[in-house]
Amino acid sequence: MARDLKEIKDINEIKDLGWDELIPGAALFSFTEPVEDVAEVPMEERPYAPTNSHEWQVGDWRVEKPVYNRDLCIDCQFCWVFCPDMSILSRDKKMIGVIYEHCKGCGICVEVCPTNPKSLLMFPEHMDNDEALSMWPKKEEKDK
Amino acid sequence: MVKKIKNLKEFSLSNDRFEGANLMCPGCSHNIIVREVLNATDDPVIVATATGCLEVCTAVYPKTSWDVSWIHIGFENAAVAAATVSAAYEVMKKKGKLPPATQKMVDEGREPKIVAFAGDGGTYDIGFQSLSGAFERGHNFMYVCLDNEVYANTGGQRSSSTPIGASTTTSPAGSVSYGEKMMKKSMVEIMADHGAPYVAQVSPSKWKDLVKKVQKGFEVYGPVYINAQSACTTEWKHAPEDTIEVSDLGVDSCVWPLYEIINERDEHGIIYSTKLNITYRPKTKIPVEEYLAAQPRFRHLFKPENRHIIDLWQKAVDARWEYLQKREEAGV
Ligand SMILES: Cc1ncc(C[n+]2csc(CCOP(=O)(O)OP(=O)(O)O)c2C)c(N)n1
Ligand code: SF4
Ligand code: SF4
Ligand code: SF4
Ligand SMILES: [Mg+2]
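These protein sequences, in sequence, are chains F and G.
Per the numbering used here: the first sequence = residues 1 to 144.
Per the numbering used here: the second sequence = residues 1 to 332.
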């Protein structure tokens, strides 16, 4: 039986639905209730609908993940601005960490990080972040 | 209302209205451009997107990655959709029929911004007539071309934006061909010649330049064209982590010069002033060869028999850079 997306509140119900089970042309909602001024509402406080891709994840695309080292970071926000996937979480001008559900492991954040050694580095997906932090490289001498 | 963005830290206070877990490739520039454009303002934004990677991968039923009003339109008519929204908005505003939430923002000086996003296929080729028409009629909206120089979403066919020597699926390099035969179309000048009040070329790697231009574009009344360099890891065949570096090589070699053209018209529509400003001058202009070498779509050009195409490239880029500087100097 065809189902209207408006009626569905649980993301898992959508994931299990076939194309033929959806009402054709049913509207997709970003939020479960009206948000008047989205630009003023931070991600954590938004009433995301199950039909918003924010509620889904693409983390399993990765084979390597960026690991963040707070001790070295200068909060320049290069990683934030160049991340194509809204996966760098910054609050009050400070870098906080990586949103692993949405990070596709492209590695751009690592490339643009200007510190020496870098404050973000790629590690194998299966490695524990604490282990990655314990193996962090030392400062690299620059060739002049 | 112009959002205050003095530096990157201040910019990072933006709350993205474009969402993660969309299905764009890892390292895709389209996403970086969309973020920078949307975050350039906190005003409401209405987006129309032409078919292409951005549309297809951010609206895979039953999901949407858009927290702004968003219109899924055809491949060839993003400009019409945006122009129509703009015309409808103006009538509703005049008649006092805006929805209360919108009216409140308008009263606070936060007019909705209407933006069309389309690929180069959807802009330089198939969408050109609707784009040209909307610009000629002078609707108040911004058109952003996500220029990855290829029909990426359908497997990498050449477009009139594809530069000479690029290997694409319809201009493949091989034993008898060095790839694409035609030079890239000069879309920025073509759009400026419509008399649009503001036209600019940008790169996502120079975020501040991009944001400033988008903000300028939002402030003028009339159609605004933004040509955005969009390095495509899949079709340019560079590693995803190199997207920003490849973009920078394009800018620093002057393959992708950053500039703006401002037209001023009198009440009869006569253009009385045209100014071209170069907004970024590389400290050292690097050889085009370095830009080409970073992208395997040009790999075959480094064979001895194709070397002359690299020389041609350099000549074309130098001539164009010279032309832009002359125009800037002359104030035309
Ligand atoms: C009228 C029409 N013709 C062809 C297509 C198939 N089509 C969908 S996306 C696309 C390529 C888009 O290329 P471009 O505009 O450069 O955007 P990109 O995917 O590169 O971002 C094509 C040919 C279509 N959707 N509609
Ligand atoms: S690896 Fe790519 S997607 Fe992940 S946080 Fe870094 S820039 Fe973003
Ligand atoms: S780019 Fe590096 S130094 Fe800058 S905010 Fe990100 S992690 Fe910190
Ligand atoms: S093919 Fe290119 S433009 Fe399309 S999503 Fe992938 S990287 Fe982006
Ligand atoms: Mg394209």
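Calculated directly from the structure, the hints in this document are not laboratory data.
One should not assume that every hint holds.
Covered stretches of chain F, as calculated for chain G (at least 3 residues, CB under 8 Å) [stated by the list, open to error]:
no., stretch
1, 94–102
2, 107–119
3, 127–141
Glycine included, every Cβ here is placed at the ideal spot set by N, Cα and C.
Hints and how they fare:
Taking a C-beta to C-beta cut-off of 8 Å, the stretch 94–102 of chain F contributes 3 residues in contact with chain G, enough for the three needed, and the coverage statement holds. Counting residues of the stretch 107–119 of chain F whose CB falls under 8 Å from any CB of chain G gives 5; the rule of at least 3 is met. Look at the stretch 127–141 of chain F against chain G: 0 of its residues bring a Cβ nearer than 8 Å to a Cβ of that chain, fewer than three, so the hint is violated.
Violated hint for the displayed structure: number 3, the only one.
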